[in-house]
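Asker: Could you put together the complete structure from these sequences and hints?
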Amino acid sequence: MQTIWNIDKIQEVLPQRPPFLFVDKVVEIDTVKGKVVCIKNVTINDYFFKGHFPRNPVMPGVIMIEALAQASIILFAVLKPEVASKHPDYLFGKVEAKFHRIVKPGDVLFLEVEKKKILSGGGIVSGRALVKDEIAVSSQITFGVKPKKSRL
Amino acid sequence: MAKKKVNFEKIKEEIKKLISEITEIPIDELKDGADFTKDLGIDSMMALEMVAAIEKKYKIVVPEEDIPNIRNLKSIYEILEKKLKK
Chain A
44 MQTIWNIDKI
54 QEVLPQRPPF
64 LFVDKVVEID
74 TVKGKVVCIK
84 NVTINDYFFK
94 GHFPRNPVMP
104 GVIMIEALAQ
114 ASIILFAVLK
124 PEVASKHPDY
134 LFGKVEAKFH
144 RIVKPGDVLF
154 LEVEKKKILS
164 GGGIVSGRAL
174 VKDEIAVSSQ
184 ITFGVKPKKS
194 RL
Chain B
18 MAKKKVNFEK
28 IKEEIKKLIS
38 EITEIPIDEL
48 KDGADFTKDL
58 GIDSMMALEM
68 VAAIEKKYKI
78 VVPEEDIPNI
88 RNLKSIYEIL
98 EKKLKK
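As given, the protein sequences belong to chains A and B, one line each in that order. Note that the numbering used here has the first sequence beginning at 44, numbered continuously upward. Note that the numbering used here has the second sequence beginning at 18, numbered continuously upward.
Be careful, since some hints might not be right.
No more than 20 Å apart at the CA atoms, straight line, and that leaves these computed lysine-lysine pairs for PhoX-like [said to hold, decoys possible]: (1) A:Lys158 / B:Lys76; (2) B:Lys73 / A:Lys137; (3) B:Lys27 / B:Lys100; (4) A:Lys68 / A:Lys147; (5) B:Lys73 / A:Lys159.
In silico contact screen, one side only, chain B against chain A (beta carbon under 8 Å); selected entries [unchecked claim]: (6) Glu66; (7) Glu81; (8) Ile84.
None of these hints come from the bench; they were simulated from the model. Yeah, the Cβ is synthetic: ideal placement off N, Cα and C, and Gly gets one too.
Answerer: As structure tokens, this is what we get:
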């Protein structure tokens, strides 16, 4: 599997940092379709398995949504580099999701996101998280992109 | 010509219904001239959803530069009327 963006490049774009960074690498970028595919390697070292659940590690659904949202930021940055380079804030607007399969340590999660509409101020994407060829989550995410306000 | 006008009245009704569903604002409160942000409290993400829903329904593309001009229902009708005439 070819690495198109490594973790350094990902951290130039995403504001999230470990242990809350859920994209390990980007393996596909299609600017024509407006699609990216990223990978998250799920391991027992992920911090959330400590409590979710003791002796029964299951990746939380909300974390999978977060992973898809982070992949969406990468898609946004690919399509609107002039906006993303200013490191704006990314905000959730609306999430619709269906969960199909549980995800456990050892699984390789493929995060596929495709644009429905991307503007400078936000976007709507459809996303799927897959393990092998099985869909774990399918979702539609609406997000906003706002210039960073100066903080005190 | 007259027939086309009748059809557009129908489209206006459809758009109102669509926007009412997205914003959860009752159809009676969606006046043609009401300002989306000031009068109806529609935020930019709802506006994005509206545009995406209209594009999907009528199979058109609303260019990004037209979107800031969408202030009320009337401006949506105008954009759509222009697009559908082509």
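Asker: Give a verdict on every hint.
Answerer: Checked hints:
1. A:Lys158 / B:Lys76: holds (16 Å)
2. B:Lys73 / A:Lys137: Judged against 20 Å, a Cα distance of about 18 Å means the pair holds.
3. B:Lys27 / B:Lys100: holds (16 Å)
4. A:Lys68 / A:Lys147: holds (19 Å)
5. B:Lys73 / A:Lys159: With Cα atoms ~10 Å apart, lysine 73 of chain B and lysine 159 of chain A stay inside 20 Å; holds.
6. Glu66: Holds, because the Cβ-Cβ distance from glutamate 66 of chain B to chain A comes to roughly 6 Å (cut-off 8 Å).
7. Glu81: holds (5 Å)
8. Ile84: holds (7 Å)
The structure shown violates none of the earlier numbered hints.
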